[in-house]
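Enquirer: If you're matching them up, the sequences are chains A and B in order.
For what it's worth, our numbering labels the leading residue of the first sequence as 57, then goes sequentially.
For what it's worth, our numbering labels the leading residue of the second sequence as 3, then goes sequentially.
Please keep in mind that the hints were generated in silico from the structure rather than gathered at the bench.
Mixed in with the good hints there might be a few duds.
[What the hints assert, rightly or not] Using 30 angstroms as the maximum straight-line C-alpha spacing, the simulated BS3-like pairs for lysine-lysine come out as follows: (1) 79/B to 223/A; (2) 89/B to 257/A; (3) 84/B to 257/A; (4) 277/A to 77/B; (5) 263/A to 203/A; (6) 223/A to 77/B; (7) 256/A to 77/B; (8) 112/A to 79/B; (9) 238/A to 192/A; (10) 149/A to 77/B; (11) 89/B to 115/A; (12) 149/A to 203/A; (13) 115/A to 192/A; (14) 149/A to 89/B.
Chain by chain, the residues:
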Amino acid sequence: MKKINFATIVAAGLVCFAAGALAATEGATKDSMQLKPVKGEEGKVSAANTFNRLLKKDKARNLPPPEDGIHDADNEGTHVLQPPLVAFEGLPKTDFGNYVDWVQSLQKGFLNPRYDRVDPTVEPLVMDLDIVREVKASVPDVVFPHKPHTQWLHCSNCHPAIFIPQKNANQINMSAILLGQKCGVCHGKVSFPITTLSCKKCHSKPKPDDWKPPLSSASVKNPWR
Amino acid sequence: MINIKGFFTKWRVAFAALIASVAVVLMPQSSTAEYADVVINNYADAAGMRPAVFPHWYHRIRFRCKVCHADLGFKFKAGGNKITMAKIIDGQFCGACHNGEISWSVENCGMCHSGIPGTPTSIHGSTIQRLVAPTYKALPKDGQPAPSDAPADAAPADAAPAEAAPAKAKKK
């Protein structure tokens with residue numbers, strides 16, 4: 057009998073340990089995501105009724121290096137590094153990426169990063185030219201603004217290796233971008249990420265009123281159309 | 003006999019709980035690092051160092067993209083620059099600034115080499131990482147990372163540098 061009791065205690069202990077570990081990893085979830093538990097007749101709570109139960113939990117934002125999951129907390133240098141929230145204080149916010157609007161931060165003068173490695177007085181070569189790319193699909197057309205790009209980058213970063221500087225010379229589609237080509241060389245890696253929240257950052261020019269979606273070839277060939 | 007049967011069922015429960023608890027602890031921990039943090043593990047693990055972590059956000063506040071990606075010749079590819087400490091001390095790549103004049107010098111090993119051992123070369127939060135490649139997980143702290151683990155977890159494009167690392171170690 058004593059052994060049986062020991063087994064149950066071990067089982068209970070392990071379950072508690074596991075629950076603790078889970079709670080520690082998901083402790084950062086928002087309170088608003090959790091529904092108040094509804095107590096049934098016997099006081100049981102059904103886990104099936106939690107709000108948005110199949111959605112990913114909101115992850116904690118801008119954690120300091122020792123807690124961020126890629127820095128080793130056992131390393132002394134990790135604790136010397138600056139926590140991101142200290143640096144991001146007061147900068148314009150967005151809902152994705154670093155949760156900082158870097159372009160606005162620069163244009164509104166919150167930041168003044170150097171354009172030259174040693175000389176802080178060098179001014180960037182800014183070109184203000186918007187390129188409109190008509191999109192076949194029904195999403196708004198793409199406007200590419202050269203201004204914010206030239207504020208951060210140099211012409212040679214994109215031209216001619218990534219984009220040929222010539223009209224209609226570049227085949228761009230979302231598949232290529234998502235796989236890290238064309239715009240995806242930066243966007244989706246270091247500059248603002250490609251999420252459902254950020255579509256409108258590029259797809260920003262509404263279609264003309266008389267725009268109709270193009271007919272697919274199957275539709276055109278259909279004799280009973 | 004009845005007691006023995008009961009004994010086994012109870013221990014079965016204990017065993018199941020053990021499995022469950024281990025599974026929870028070893029479950030891939032979703033990393034919450036800053037967007038665009040780059041882990042560079044071309045040679046570090048093989049040389050017995052923690053992988054280097056490059057925070058884009060920190061450097062972006064101080065320098066525009068152009069400085070590193072146009073002037074210093076950093077390619078737009080995580081792990082694609084084949085950076086070694088010899089090159090850095092020679093003033094190339096990181097060494098252009100991390101030389102004790104513009105920024106702190108290379109004796110602060112742990113400030114760059116601060117990644118969790120065994121983390122493959124990657125950009126944190128990238129679209130490809132979210133949509134295609136499996137998320138990496140941290141190795142247990144007591145276990146030494148086996149050299150063969152890193153390429154298996156890494157994205158296909160990163161497998162080549164990881165394989166090249168042991169060869170380089172042999173040359174030394």
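Enquirer: Does residue 77/B lie within 30 angstroms of residue 223/A when you go C-alpha to C-alpha?
Expert: 26 angstroms, holds
Enquirer: Does the alpha-carbon distance linking residue 84/B and residue 257/A stay inside the 30 angstroms limit?
Expert: This hinted pair is violated, its Cα atoms lying about 34 angstroms apart.
Enquirer: Below or equal to 30 angstroms on CA atoms is what counts here, so check residue 149/A against residue 203/A.
Expert: Holds. Residue 149/A to residue 203/A sits at ~20 angstroms (cutoff 30 angstroms).
Enquirer: Are the Cα positions of residue 115/A and residue 192/A separated by 30 angstroms at most?
Expert: 35 angstroms, violated
Enquirer: Given the proposed pairing of residue 79/B with residue 223/A, does the C-alpha separation stay at or below 30 angstroms?
Expert: Holds, at roughly 27 angstroms.
Enquirer: CA of residue 149/A to CA of residue 77/B, is that 30 angstroms or under?
Expert: The hint holds at about 28 angstroms.
Enquirer: Regarding the pair residue 89/B and residue 115/A, is the alpha-carbon distance no greater than 30 angstroms?
Expert: 37 angstroms, violated
Enquirer: So if I understand the rule, the pair passes when the alpha-carbon distance is 30 angstroms or less; does residue 256/A with residue 77/B pass?
Expert: 28 angstroms, holds
Enquirer: Can you confirm whether the C-alpha distance between residue 149/A and residue 89/B stays at or below 30 angstroms?
Expert: Violated, at roughly 37 angstroms.
Enquirer: Under the criterion that the straight-line Cα-Cα distance not exceed 30 angstroms, is the pair residue 238/A, residue 192/A satisfied?
Expert: 18 angstroms, holds
Enquirer: Does residue 77/B lie within 30 angstroms of residue 277/A when you go C-alpha to C-alpha?
Expert: With Cα atoms ~47 angstroms apart, residue 277/A and residue 77/B exceed 30 angstroms; violated.
Enquirer: Going straight from one Cα to the other, do residue 89/B and residue 257/A come out at no more than 30 angstroms?
Expert: 39 angstroms, violated
The structure does not agree with the numbered hints 2, 3, 4, 11, 13 and 14 stated previously, though it agrees with the rest.
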